[in-house]
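Residue numbers (our numbering), protein chains in the order written: chain A, 1 to 377; chain B, 1 to 377.
These are computed hints drawn from the structure, not numbers from a lab.
Watch out, some of these pointers could steer you wrong.
Straight-line distance between alpha carbons at most 30 Å, and here's what the computed DSBU-like set of lysine-lysine pairs gives [as the list claims (entries may be wrong)]:
{"no.": "1", "chain 1": "A", "residue 1": "Lys369", "chain 2": "B", "residue 2": "Lys296"}
{"no.": "2", "chain 1": "B", "residue 1": "Lys362", "chain 2": "B", "residue 2": "Lys296"}
{"no.": "3", "chain 1": "B", "residue 1": "Lys296", "chain 2": "A", "residue 2": "Lys362"}
{"no.": "4", "chain 1": "B", "residue 1": "Lys369", "chain 2": "B", "residue 2": "Lys187"}
{"no.": "5", "chain 1": "A", "residue 1": "Lys362", "chain 2": "A", "residue 2": "Lys296"}
{"no.": "6", "chain 1": "A", "residue 1": "Lys296", "chain 2": "B", "residue 2": "Lys369"}
{"no.": "7", "chain 1": "A", "residue 1": "Lys369", "chain 2": "A", "residue 2": "Lys187"}
{"no.": "8", "chain 1": "B", "residue 1": "Lys187", "chain 2": "B", "residue 2": "Lys362"}
{"no.": "9", "chain 1": "A", "residue 1": "Lys362", "chain 2": "A", "residue 2": "Lys187"}
{"no.": "10", "chain 1": "A", "residue 1": "Lys296", "chain 2": "B", "residue 2": "Lys362"}
Chain residues, written in single-letter form:
Protein chains: 2
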Amino acid sequence: MSSTETPVHVLILAGGAGTRFWPASRAARPKQLLPLLGGEPLITATARRVLPLCARGGSAGWERLWIATGQHLVAPTRAALPDVAERRLLVEPAPRNTAPCIGWAAATIAREDPGAIVIVLPSDHHIADVPRFLEVLEAAVASARGGAITTIGIRPTHPETGFGYIEAEDAGAGSAAPRAVLRFVEKPSRERAAEFVASGRFLWNAGMFIFRAGDMRAAIRAHLPALAEGLDELDRAAALGAAAEAAAIERVFPRLPAVSIDHGVMEHVGGLAVVPGDFGWSDLGSWQSAWELSEKDERGNSAPAGSVLVDARGNHLVDLRAREGGADDGRVIALVGVEGLVVVETDDALLIVPRDRAQDVKHVVDALKARGQGRHT
Amino acid sequence: MSSTETPVHVLILAGGAGTRFWPASRAARPKQLLPLLGGEPLITATARRVLPLCARGGSAGWERLWIATGQHLVAPTRAALPDVAERRLLVEPAPRNTAPCIGWAAATIAREDPGAIVIVLPSDHHIADVPRFLEVLEAAVASARGGAITTIGIRPTHPETGFGYIEAEDAGAGSAAPRAVLRFVEKPSRERAAEFVASGRFLWNAGMFIFRAGDMRAAIRAHLPALAEGLDELDRAAALGAAAEAAAIERVFPRLPAVSIDHGVMEHVGGLAVVPGDFGWSDLGSWQSAWELSEKDERGNSAPAGSVLVDARGNHLVDLRAREGGADDGRVIALVGVEGLVVVETDDALLIVPRDRAQDVKHVVDALKARGQGRHT
Chain A
1 MSSTETPVHV LILAGGAGTR FWPASRAARP KQLLPLLGGE PLITATARRV LPLCARGGSA
61 GWERLWIATG QHLVAPTRAA LPDVAERRLL VEPAPRNTAP CIGWAAATIA REDPGAIVIV
121 LPSDHHIADV PRFLEVLEAA VASARGGAIT TIGIRPTHPE TGFGYIEAED AGAGSAAPRA
181 VLRFVEKPSR ERAAEFVASG RFLWNAGMFI FRAGDMRAAI RAHLPALAEG LDELDRAAAL
241 GAAAEAAAIE RVFPRLPAVS IDHGVMEHVG GLAVVPGDFG WSDLGSWQSA WELSEKDERG
301 NSAPAGSVLV DARGNHLVDL RAREGGADDG RVIALVGVEG LVVVETDDAL LIVPRDRAQD
361 VKHVVDALKA RGQGRHT
Chain B
1 MSSTETPVHV LILAGGAGTR FWPASRAARP KQLLPLLGGE PLITATARRV LPLCARGGSA
61 GWERLWIATG QHLVAPTRAA LPDVAERRLL VEPAPRNTAP CIGWAAATIA REDPGAIVIV
121 LPSDHHIADV PRFLEVLEAA VASARGGAIT TIGIRPTHPE TGFGYIEAED AGAGSAAPRA
181 VLRFVEKPSR ERAAEFVASG RFLWNAGMFI FRAGDMRAAI RAHLPALAEG LDELDRAAAL
241 GAAAEAAAIE RVFPRLPAVS IDHGVMEHVG GLAVVPGDFG WSDLGSWQSA WELSEKDERG
301 NSAPAGSVLV DARGNHLVDL RAREGGADDG RVIALVGVEG LVVVETDDAL LIVPRDRAQD
361 VKHVVDALKA RGQGRHT
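If we strip away everything but chain A, and leave its shape as in the complex, we get (with noise of 0.2 Å):
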């Protein structure tokens, strides 16, 4: 539907270690790939609403997919996404943060298609409002096709300290327009928080960003040369073969600067532009999150249909066995008299926790570790 002139390629960020979705989430299990808000692990969402904008010609698009993650991820990622050519995962041979990772992708895709926009999103979010988040992508497009570097703005609701914050030209008003970045900024204190809420010109930092693959290359070489000698180093390992491209990644990339491409590039970088997005986002950062978004019943329980609840509000049940016996194991799950506790069921664990203090559950991963029980985290 979009690019005419030039094909749009999407980027999948999908490495990461979830700690606060334990015990769904673990080490070789992380967010994206779990299936937190119904029947698709939240990647798989992910990839199927952004399809239309790499479709062109008679084609669905996926092999215009990419997705980058680390080497523990690849046969659980695969699995989600089995419409992924194998060559369109980019596996890191160690973790580096986002730039390098980013700065690959660029280099990769512009081999294939010299004019590449590249559309760069995070694995694990969820969008309430997809034919909007393609509006608001489809503008962003046209942003960084004239040239600017464009990320996606979402208006704050409060004064989270957990995300970057963006301040823009005219970040209030309601249209889609691309406007002018004039700063990024790093997660803030709270008190800062609320002054950024409070001014009306910043929007959150969602972790999306849409570019030219040459202007990304460029702004590396001008803001991480290290990072753009690197890729140089990749291109010219790809012009030997595929055998020595790879050779090249296990030797350079786990020497590349490991630095986010916020705080590598975004920050100095000039020319910025960003697109509000009001297509009802959410980070999903936690059990309390994923209760938000679940569908509820008059009480406020989200849970496994057959579950008992007696005079219950507000819980959110999650049943992540791995099942026998088809979808219904009969397994009964009873909740008397109680409110607001997320209640988590996997193979090897069970977590109960108050919905209020649902980003503790970190402290379970800890105390695991610290007594060495590592294959639970």
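Add chain B to chain A, keeping to what the hints say.
Chain B only, in chain A's frame:
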């Protein structure tokens, strides 16, 4: 150790169908078969506790231990009490409350030991001070040997409406000497229970009765003539041999009056005695009392070793799943920031309920029956 004159037999009443300990207790696995306070089922602890009273000479006492239970509980009851001979299991063809069952036991025991003293005990109570318990029972046996049907009265600690009460002469005095019962009172209203406790004249009826077999038979003849006739018929059949006896039980028992020993006999008979029992008694009426009697950590949590407790207080965790691979299957139960919860896991159910609402667990059983999930009840 006791009874140089007349042998002492113990009858443990082990029928029933627990709903208050769902999901641990089930129709086919009532409370007495559960290890609610550690390693062994309550009925096993009950039998082991009283064994010294039935021992004589070199015998351990098992041959004078009788178990009254229902057809559906024979196999698990035998598994819990492998030392009880099959002929000591009085298997009721149909549930008829306690009077027929106690009468049947008295008749059967008297045919073996005409002068026998019978101690009737519930199968599912907790006794903290076992030596004191045995002393109290010895005193009750001495009282019964003198011709008084004797019971044990527990000094009430609160106006409980779930128990019957016994008004006694001199109920407040400290000694374990038998005293005269003035009256048996059925479960009272909250108001009357408060009056009883305030008066100092009442004890709780804990369902323990001690009597000469012949005295109980005479009391039944006086107050439950239909039951007495049925027992006479069993006696006549038993004289003809085991096959005739078994046939008579099947024929006669289901037609006996379904009445409790309290209501059918104890409330009417004269010359009753009661021995106050100060041995740390609990009827283990709910998960709340199971928690009270459990070993707890310094924050009041009772939980299996290996549980992860982060800022958790006063919780009661029970894991009754059948274990694969020995005592520890490596499953982790994690509680974060929760207080006063009961959490019970079985192979086919998970229950979460605040301790102070433990009595509402029966509503889960009702809900499951209503939706046709009888196999979970």
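Here is what the structure says about each hint:
1. A/Lys369 to B/Lys296: Between A/Lys369 and B/Lys296 the Cα gap is close to 24 Å, so the pair holds against 30 Å.
2. B/Lys362 to B/Lys296: Holds - the C-alpha atoms of B/Lys296 and B/Lys362 are around 26 Å apart, at most 30 Å.
3. B/Lys296 to A/Lys362: Given pair B/Lys296, A/Lys362 holds - Cα atoms ~25 Å apart, limit 30 Å.
4. B/Lys369 to B/Lys187: holds (27 Å)
5. A/Lys362 to A/Lys296: At roughly 26 Å apart (the allowed maximum being 30 Å), A/Lys296 and A/Lys362 satisfy the hint.
6. A/Lys296 to B/Lys369: Cα-Cα ~24 Å, so holds.
7. A/Lys369 to A/Lys187: Roughly 27 Å separates the two Cα atoms, so the pair holds.
8. B/Lys187 to B/Lys362: Holds - the C-alpha atoms of B/Lys362 and B/Lys187 are around 20 Å apart, at most 30 Å.
9. A/Lys362 to A/Lys187: holds (20 Å)
10. A/Lys296 to B/Lys362: holds (25 Å)
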